[in-house]
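Enquirer: So the sequences go chain by chain: A, B and C. The first sequence: position 42 = 42 (my numbering), numbered continuously. The second sequence: position 226 = 1226 (my numbering), numbered continuously. The third sequence: position 18 = 2018 (my numbering), numbered continuously.
No lab work stands behind these hints: they were computed from the structure. Incorrect hints may have been included.
[Claimed, not checked] Keeping only pairs whose Cα atoms sit at most 27 Å apart, straight-line, the calculated DSSO-like set for lysine-lysine is:
1) C:Lys2214 <-> A:Lys241
2) C:Lys2174 <-> A:Lys145
3) C:Lys2196 <-> B:Lys1445
4) C:Lys2242 <-> A:Lys145
5) A:Lys107 <-> C:Lys2214
6) B:Lys1445 <-> A:Lys16
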Amino acid sequence: MKVLVPVKRVVDYNIKPRVAADGSGVETQGVKMSMNPFDEIALEEALRLREKGQADEVVAVTIGAQVAQDVLRTAMAMGADRAILIQTDAEVEPRAVSSLLKAVVEKEQPGLVSMGKQAIDDDMNATGQMLAARLGWPQGTFASKVEIADGRVEVAREVDGGTETVSLSLPAVITADLRLNEPRYASLPNIMKARKKPLETIEAGSLGVDLTPHLKIVSVAEPPERKAGVIVETVEELVEKLKTEAKVI
Amino acid sequence: MTQPQSDNTAIEREEMAFDVVIVGGGPAGLTAAIRLKQENPDLSVCLLEKGSEVGAHIVSGAVLEPTTLAELFPDWKERGAPLDTPVSSEKLLFLTRKAALPVPALHLLMPQMDNRGNYVISLGAFCRWLGEQAEALGVEIYPGFAGADLFIENGRVCGIITGDMGVNRKGEEKPDYMPGMILRASQTILAEGARGSLSKKAMNTFDLRKGADPQTFGLGIKEVWEIPAEKHRPGFVQHSFGWPLDTHTYGGAFLYHFGKNLVSYGFITALDYRNPWLSPFEEMQRTKQHPAFREHFEGGRRIIYGARAISEGGVQSLPHPVFPGGVLTGDCAGFLNMPKIKGIHTSMKSGIIAAEAVMDAIQNEQAEASSYMDRLKSSWLWKELHAARNIRPAFSHWGMLGGALYSGIDSMIFRGQAPWTLRHRHADNETMIPAEKAPKISYPKADGTLTFNRAESVFLSNLSHDEDQPVHLKVQDMATWKEVNLTRFAAPESRYCPAGVYETSETDELVINAQNCVHCKSCDIKDPDQNITWCTPEGSSGPNYPSGM
Amino acid sequence: MTALVLIEAENGRIRQGSRSAVAAASRFGDVDALLLGKAGTEAASKLPGIRKVLHVPALDHALAEPAAALLASLAESYSHILSAASSTGKNILPRLAGLLDAQPISDVVAIKDDATFVRPIYAGNALATVQSSDSIKIMTVRSSSFDPVEEEGGSAPIDVLDAPADDGKSSFVKLEQSQSDRPELEVARVVISGGKGLKDASNFHTLLEPVADKLGAAIGASRAAVDSGFAPNEMQVGQTGKVVAPELYIATGLSGAIQHLAGMKDSRVIVAINIDPEAPIFKVADYGMVGDLFELLPALEKAL
Chain A
1 MKVLVPVKRV VDYNIKPRVA ADGSGVETQG VKMSMNPFDE IALEEALRLR EKGQADEVVA
61 VTIGAQVAQD VLRTAMAMGA DRAILIQTDA EVEPRAVSSL LKAVVEKEQP GLVSMGKQAI
121 DDDMNATGQM LAARLGWPQG TFASKVEIAD GRVEVAREVD GGTETVSLSL PAVITADLRL
181 NEPRYASLPN IMKARKKPLE TIEAGSLGVD LTPHLKIVSV AEPPERKAGV IVETVEELVE
241 KLKTEAKVI
Chain B
1001 MTQPQSDNTA IEREEMAFDV VIVGGGPAGL TAAIRLKQEN PDLSVCLLEK GSEVGAHIVS
1061 GAVLEPTTLA ELFPDWKERG APLDTPVSSE KLLFLTRKAA LPVPALHLLM PQMDNRGNYV
1121 ISLGAFCRWL GEQAEALGVE IYPGFAGADL FIENGRVCGI ITGDMGVNRK GEEKPDYMPG
1181 MILRASQTIL AEGARGSLSK KAMNTFDLRK GADPQTFGLG IKEVWEIPAE KHRPGFVQHS
1241 FGWPLDTHTY GGAFLYHFGK NLVSYGFITA LDYRNPWLSP FEEMQRTKQH PAFREHFEGG
1301 RRIIYGARAI SEGGVQSLPH PVFPGGVLTG DCAGFLNMPK IKGIHTSMKS GIIAAEAVMD
1361 AIQNEQAEAS SYMDRLKSSW LWKELHAARN IRPAFSHWGM LGGALYSGID SMIFRGQAPW
1421 TLRHRHADNE TMIPAEKAPK ISYPKADGTL TFNRAESVFL SNLSHDEDQP VHLKVQDMAT
1481 WKEVNLTRFA APESRYCPAG VYETSETDEL VINAQNCVHC KSCDIKDPDQ NITWCTPEGS
1541 SGPNYPSGM
Chain C
2001 MTALVLIEAE NGRIRQGSRS AVAAASRFGD VDALLLGKAG TEAASKLPGI RKVLHVPALD
2061 HALAEPAAAL LASLAESYSH ILSAASSTGK NILPRLAGLL DAQPISDVVA IKDDATFVRP
2121 IYAGNALATV QSSDSIKIMT VRSSSFDPVE EEGGSAPIDV LDAPADDGKS SFVKLEQSQS
2181 DRPELEVARV VISGGKGLKD ASNFHTLLEP VADKLGAAIG ASRAAVDSGF APNEMQVGQT
2241 GKVVAPELYI ATGLSGAIQH LAGMKDSRVI VAINIDPEAP IFKVADYGMV GDLFELLPAL
2301 EKAL
């Protein structure tokens, strides 16, 4: 079975995002970019499936400009066998991304798509579900455990208040949550070797997908700063205010 | 005598061999890499950078004198080098508490401070650009990996060992443990910047400092502000000396307008200061309140904070820069020209010369790149450093005003050719007087708009640091810390560290917040008993300074 | 314009997040509610401001595949389709968007007009105002941003619908409720955190746990407390620890260094208890108490 792992290049997790002074967005120029952390987890899961003998090939794919190759190199340094860059300079939203990925899935025919539950830049949490819908495949979102047996995959999902387990026929889409696994480092020897792994580039335009955004960003602002509230004198007053004013207890 | 050995030879490690391994992706290392490939494209050149990417640990003013860049790439403009802001006007101010007196006829009185023809740049962006040029020439650059140790065989450096990954705080292996790798090299170029940890090891192992004056350092602390467009004056350059430092402390502030409505503001405090109560961070903060600086920040917001030590000693303090199997370049050797407050063009020049010497050595199959020293001495770099050599020590000898006076005389009358050389007499860790004999300094409280505390500041360094790794600031002996640092000097590390790494607990224990470290190296330099050693943490740890800042 | 809200029931009641989504939906016009599974019919019909309840008793586990297919078959009649930004809503609605070739809008925190919404990006470090050109707008809404409608007051009629045919591609296996009495830090509705002011590890147990028990709260710690060995690493809240955004965050004996604030500043209500009136935590706290936590915490436990 082949596992396809879509990965996104995002502003590095350690960088404090800074809203551009003109309100057009968050500054990304000159900022360190990395693979979306949830995608690292999804990739790690795919690699573990391969190591367990349940998958025979792991293919990483990303969508973006030429520079987005760097996350594919990272993916291959972590262990992906090969990688595909869907090249476009356009800003793409999950709607377009899921269409482009569908085209890749149709070409590659993977048995499983393993991807992050959301990207830490737009926090949309939609691409995996949309891809599954477009393919007519079942989905196992927010996965904290993945087990493959007898042509089906059992996915433990992190849901409000507990863990739900679903059984899905293959092929399927799973989206990784934080606790699925602890992704490995890309070691220096593996980074060196990854330079020689195959990286295919496909022009996004050749896939016949409409990339026009349906969601226009009007403006981006910093969230309002919290202001100091009131000082209360007694615990009784505090409890009273939490009950009647804030309504949190 | 026993042969020098690596500490890390017991573990089985993967190996990879290159002609040249370079440690450090700053101006010196990148320039050396580029020159190697320009001259001999067949050489395999590997460059390691401990930051998460090239430029991530680069923090500097900076005003660039483009001379060396033109030697490296005569077509740098066509190649799109990010030199976007020519210096447009310049001031050098002597500050008193309330007033600012401009030094007149700067280019005559202090010709080294004349910045006409220079550029205000983002050194981070510049290094990223150099990195692209190097990769295009075939240099293999590996960011996120620290050179943790020299790899020494039979008394010769044969490359380096990268840091282990996945070791927990107690020093035990985690499930994702990954031992460091041996990168073998015919020649190793150390380009780690001031007080590099492998450079320090090389100097000690091969006794490279013999006959040299002690190195003396400065701590540069910098902020980048974004200011309203109508107040931005691209290319405006201002330096100051005087207030708020005492007369025994060398240093001052810089302020440059550059880029897109950005202002780079910083303060350099020489680490041979005497008063243990002094806090370079607070000196930097309070200088912003001076009318000559304050106006530049009004209506702006601070977006980046960082700090780094620089070498100030000049030519007297240079170690012998050659050892079996490698060379020292850039600021880890100490090629910075302090009176000019510039080290980029000199670092780059040392990188070019080192590359040429290293190629000689490889071609002739010599262990030592012995032509390095001769090549240095016959270069403009040596002349420049030699001419500047007496100015920095004059300030240590005669204080701020005496130093300034001497500096004028040295430049105007002797033009740097005085028949004497002033020495650096003390290493920076030897200069403090006991706390009880030194006047306490009361610094104003941070106001949260112009001045800030350390924690808020370090927040803007975009630090990344896995907490579950060994503390990379190693204190050899806590009893010594109590006796010397705490009792004698009232815990000076809690003040000189610009990142708030060191605290003294209520029970008088030393608390080390290693995850705050911005890799400036001041503790390694200034600790009175040299009891603190800065080691490389896991690769990719430390600040993430964005490009263009 | 008419909006459809996917609502969720729990123990015979409609969840607060769903009631917030109903409140948000009422900005667009009439509101219909869609309830999946057998439970909660009565509660659904009692929600105020609902035109009718569409009830699909057969879809007991709200699996995304049939739920999205069903929604797609209903979609044409609606201008907006909403749900809470819950794990159910986030599972189903983007799949619906995929079926309709629309771009979903996740985690809406404010509605500017019928097509313009505000949503957090970059983990709440920025707020984006976005405008949708889809003919049917599909969105999940943050419950903390919309006051929920009351639980009772309405009497909407109930239309029972059949579920789409099961294609066997997905099936429910089991649901394990979180067993621990103490919720996990990242998902807890209430978090109480201690800092160095607690003085030692035993005080984390004797002072914080009783209050946490009363509130069903998770317990967190500042980095200084973790460094001092008062609490284990996994309890650390902050820039290098866990980032939490509960309904209520109670900070005790911690000063509120910016690195800690980075891990909890998105909490809806912040309470600070500290002996130092100058502590920066008070600058972000909705309710502050200055005093000795060794007295205040036991008193708080009694008052709850």
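Enquirer: All the hints need checking, so say for each whether the structure fits it.
Expert: Hint check:
no.: 1; hint: C:Lys2214 <-> A:Lys241; in the structure: 17 Å, holds
no.: 2; hint: C:Lys2174 <-> A:Lys145; in the structure: 13 Å, holds
no.: 3; hint: C:Lys2196 <-> B:Lys1445; in the structure: 23 Å, holds
no.: 4; hint: C:Lys2242 <-> A:Lys145; in the structure: 21 Å, holds
no.: 5; hint: A:Lys107 <-> C:Lys2214; in the structure: 56 Å, violated
no.: 6; hint: B:Lys1445 <-> A:Lys16; in the structure: 25 Å, holds
Hint compliance for this structure: hint 5 alone is broken.
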